[in-house]
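Assemble chain B onto chain A, guided by the hints.
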Amino acid sequence: MSLDPLILSRLQFVWVVAWHIMLPAVTVGLASFVAFMEAMSFFTGREIYLRISMFWTRVFSVTFGMGVVSGIVMPFQFGTNWSRYSDATANIISPMLAYEGLTAFFLEAGFLGVLLFGRKLVPAWAHLMSALMVALGTLFSTFWILVVNSWMQTPTGATLVDGRFVPVSWWDIVFSPSFPTRLGHTVAGFYITTGFVVLSVAAFYLRQGRFVSEARLMLSVTLWLLLALVPLQIFLGDASGLVTLHHQPAKLAAIEARWDTGSRIPLTLFAIPDEQEATNHFAIDVPVLGSLILTHDPNGTVKGLKDFPRSDWPMVIFPFFAFRIMVGIGLLMLAIVVTGNVLRRDDRLYDHEWFLRVCQYGVPLGFLAVLAGWVVTETGRQPWTVYGLLRTADSVSPSLQGWNVVLSLIGYIVTYATIFTGGYAVLSRIIHSGPATQQEDEQVQSGRPSSPVRPVPGE
Amino acid sequence: MVDFVPIWTIILGVGIFLYVLLDGFDLGVGILYRFAPDATARNLMMNSISPIWDGNETWLILGSVGLMAAFPLAFAILMPALYFPILLMLLSLIFRGVAFEFRYRDSPNRTFWDHGFAAGSVLATFAQGIVLGSFIQGFKVEGRHFAGGSLDCFTPFSLLTGACLVFGYTLLGAGWLIMKTEGDLQRRARHWGLMALAGVAVAVVAVSIWTPVMSAEIRERWFSWPNFLILLPVPVITALLALWTWRAIVSETDEYAPFAGGILLFVMSYIGITISLWPMIVPHQFTLWQAASSPSTQAFLLVGTLLLLPVILTYTAWSYWVFRGKVRGDIGYH
Numbered sequence: 001m002s003l004d005p006l007i008l009s010r011l012q013f014v015w016v017v018a019w020h021i022m023l024p025a026v027t028v029g030l031a032s033f034v035a036f037m038e039a040m041s042f043f044t045g046r047e048i049y050l051r052i053s054m055f056w057t058r059v060f061s062v063t064f065g066m067g068v069v070s071g072i073v074m075p076f077q078f079g080t081n082w083s084r085y086s087d088a089t090a091n092i093i094s095p096m097l098a099y100e101g102l103t104a105f106f107l108e109a110g111f112l113g114v115l116l117f118g119r120k121l122v123p124a125w126a127h128l129m130s131a132l133m134v135a136l137g138t139l140f141s142t143f144w145i146l147v148v149n150s151w152m153q154t155p156t157g158a159t160l161v162d163g164r165f166v167p168v169s170w171w172d173i174v175f176s177p178s179f180p181t182r183l184g185h186t187v188a189g190f191y192i193t194t195g196f197v198v199l200s201v202a203a204f205y206l207r208q209g210r211f212v213s214e215a216r217l218m219l220s221v222t223l224w225l226l227l228a229l230v231p232l233q234i235f236l237g238d239a240s241g242l243v244t245l246h247h248q249p250a251k252l253a254a255i256e257a258r259w260d261t262g263s264r265i266p267l268t269l270f271a272i273p274d275e276q277e278a279t280n281h282f283a284i285d286v287p288v289l290g291s292l293i294l295t296h297d298p299n300g301t302v303k304g305l306k307d308f309p310r311s312d313w314p315m316v317i318f319p320f321f322a323f324r325i326m327v328g329i330g331l332l333m334l335a336i337v338v339t340g341n342v343l344r345r346d347d348r349l350y351d352h353e354w355f356l357r358v359c360q361y362g363v364p365l366g367f368l369a370v371l372a373g374w375v376v377t378e379t380g381r382q383p384w385t386v387y388g389l390l391r392t393a394d395s396v397s398p399s400l401q402g403w404n405v406v407l408s409l410i411g412y413i414v415t416y417a418t419i420f421t422g423g424y425a426v427l428s429r430i431i432h433s434g435p436a437t438q439q440e441d442e443q444v445q446s447g448r449p450s451s452p453v454r455p456v457p458g459e
Numbered sequence: 460m461v462d463f464v465p466i467w468t469i470i471l472g473v474g475i476f477l478y479v480l481l482d483g484f485d486l487g488v489g490i491l492y493r494f495a496p497d498a499t500a501r502n503l504m505m506n507s508i509s510p511i512w513d514g515n516e517t518w519l520i521l522g523s524v525g526l527m528a529a530f531p532l533a534f535a536i537l538m539p540a541l542y543f544p545i546l547l548m549l550l551s552l553i554f555r556g557v558a559f560e561f562r563y564r565d566s567p568n569r570t571f572w573d574h575g576f577a578a579g580s581v582l583a584t585f586a587q588g589i590v591l592g593s594f595i596q597g598f599k600v601e602g603r604h605f606a607g608g609s610l611d612c613f614t615p616f617s618l619l620t621g622a623c624l625v626f627g628y629t630l631l632g633a634g635w636l637i638m639k640t641e642g643d644l645q646r647r648a649r650h651w652g653l654m655a656l657a658g659v660a661v662a663v664v665a666v667s668i669w670t671p672v673m674s675a676e677i678r679e680r681w682f683s684w685p686n687f688l689i690l691l692p693v694p695v696i697t698a699l700l701a702l703w704t705w706r707a708i709v710s711e712t713d714e715y716a717p718f719a720g721g722i723l724l725f726v727m728s729y730i731g732i733t734i735s736l737w738p739m740i741v742p743h744q745f746t747l748w749q750a751a752s753s754p755s756t757q758a759f760l761l762v763g764t765l766l767l768l769p770v771i772l773t774y775t776a777w778s779y780w781v782f783r784g785k786v787r788g789d790i791g792y793h
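Chains A and B, in that order, give the protein sequences.
For the first sequence, the working numbering begins at 1 and goes up steadily by one.
For the second sequence, the working numbering begins at 460 and goes up steadily by one.
Hints are computed from structural coordinates only; laboratory data are not their basis.
Every residue gets a Cβ at the ideal spot worked out from N, C-alpha and C, and that includes glycine.
Where hints are given, some of them may not hold.
[Claimed, not checked] Only some residues are given here: those of chain A computed to face chain B with a beta carbon under 7 Å:
1) Gly65
2) Gln77
3) Asp87
4) Asn91
5) Pro95
6) Leu97
7) Gly101
8) Phe105
9) Ser169
10) Trp171
11) Ile336
12) Pro398
13) Ser399
14) Thr421
15) Gly422
In isolation and in its complexed conformation, chain A is listed as follows (with noise of 0.2 Å):
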């Protein structure tokens, strides 16, 4: 067996960004979360916004600190198997990543500490401050990361000169034409995960009857805020449709499996694409829809993938699927939203056994939308790593063999197993101690104490 280090690179990337791309999933969220309830418990003075920030902040912490050593990870790998990559976009992409290193260190370094660790320390609006600081510093992180990756998406701003992309014009590479609707649908993305946790954290408590006032604050306040940004993600995420369309005629045809460029043509459902016949079997299609939904019109052209050369075309299973997954689970998201505040008109949403099951087993809904877009976006942009100009095979470093990257890819499944599993087991222990148990918290976030932390009294 010929081992590829081509598709062993690539699937070790998408090991360690799978991975880490669940923790800012969070995090981004959650700085946010946290930010909005010191702003509520600082202007209204009601204790309850207080114990709800402490707590998600100590969740916080742990997702965050998960998130930087993975994603220290990040960087390297451009450099140690994609190296030709690297050589080629450097002068793009490094000082976005850059950028995105110094704002997390600026963080970091400063309100960070603050938010965790200074809240006797400081007066009570230099607390607050620090809270939206962090949540900024996050919405920053995603903001630089987001502009390497669209700029992967829809090149702009930059000419080829000896195989390497020179600058021309910088607001034309952050700006480029896939980026504003891409960072909107992302954002949205992380809010309505985290969303989706608090749902089900709160939902757990409720069922339980612990923290009871605590759980019935987090589950109304994030029904309200999801009801807007789940149609608001509907919304962006067509917007994302439109500039692929545009941009990404190859990628868009993959994404709806269209073999043959059409007007008036069908939404398919469902599908088995298969790729040699340039065909679909067992097609559930509603006619005229497709046009519709993606052109907003329905006498719309799409592109189908035949009028491209085979050579550039994306494996059309995965963002075929993926896309579904993601917009099933969309709509799932929006019957649940739609449901828990249709329950709070009438009074029964706190002791609505059914619904709160499925908020509490609800929380992978997220994760898993933001997994599914991300492969759809990923896969659809392949063969290229920057799409049109330079080919993901042309980008992995020339040196590696496949047994290196086996055993590196060994190295990381082991090692990410082993600290999202202890990661998985804090977090755990954090959820089940609850926002109450404010004593313990304080030990740990005064100093840290001499003997271990033991997550519930008397255990």
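Here is chain B on its own, set in the frame of chain A:
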């Protein structure tokens, strides 16, 4: 057109050195962790670095991304050439990094995370030493790419520099502990410091002899006339510093000098390496100017860096000030 290369050389040179010093002493404390006599001592050692270690490690991200931004050709050649040492370093740092939080919050598995912390510190350091050694030796390059094998970097020389760095970080770690602790643990730290200093002395002498023997260019640089005379102070000062550090460690009263001595020994080694390799960023292949990114890229990043870096440095200094003084069992963050 302004030449940004010297500015970026200074920024990156200082940044990498800061990383080596800062993560150096906390990795050193991690290396010494397994020699702690009891749980109280382990907690004290951990407490002495827990408020600042993550800030220290962020310099590694800035260093790697900074190298990619300022000298991308070096980044594209070095990283694949150092595939396994980098991998070992990253995996070790991950284990070590999560141990800080997990050993407190996941107490049933505390022993596991303790071992992860100690072993991760040793392996991450050793891997960085291998990076250093193979960097000095140079890499096989064709065009703009590394053309050697992934095991090329494991040579007797790079294993020696690996050991050298383990001793070096241990010295820094011991110096830090002498400064931050008292009583029995401090006495032990002095003992550890002496062992580490002896190891550093032997290893540095070996590296200093081996390097000019190995490379004609480096031999020429150090031993041709009048370079020899001009550069003579470097080994002389290093030797005197080592003696001074030794006396500071055994003095029983001096609490800051051992750490300062460790830092100054690192400064001298860094100067020595710079003299040997200047102006190459891919030794024996590409100069800093040949490996530089486009001036527009360097300028674009410089604006923000000049704005943010001073603030970050001020913060860092301030946080060390906040957590100054002896670390105690019952208090770590205040």
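Each hint, compared with the structure:
1. Gly65: Because about 5 Å separates A/Gly65 from the closest Cβ in chain B, which is inside the 7 Å limit, the hint holds.
2. Gln77: violated, 9 Å
3. Asp87: holds, 4 Å
4. Asn91: holds, 5 Å
5. Pro95: Hint on A/Pro95: holds, closest Cβ of chain B at ~4 Å, below 7 Å.
6. Leu97: Hint on A/Leu97: holds, closest Cβ of chain B at ~5 Å, below 7 Å.
7. Gly101: holds, 5 Å
8. Phe105: This hint holds: A/Phe105 lies near chain B, its Cβ roughly 5 Å from the closest one there, short of 7 Å.
9. Ser169: For A/Ser169, the interface hint is violated, since the closest Cβ of chain B sits about 10 Å away, which is over 7 Å.
10. Trp171: At 11 Å from the nearest chain B Cβ, A/Trp171 fails the 7 Å test, so the hint is violated.
11. Ile336: violated, 31 Å
12. Pro398: holds, 5 Å
13. Ser399: holds, 5 Å
14. Thr421: Nearest chain B Cβ about 10 Å off; hint violated.
15. Gly422: With a closest approach of 5 Å, the A/Gly422 hint holds.
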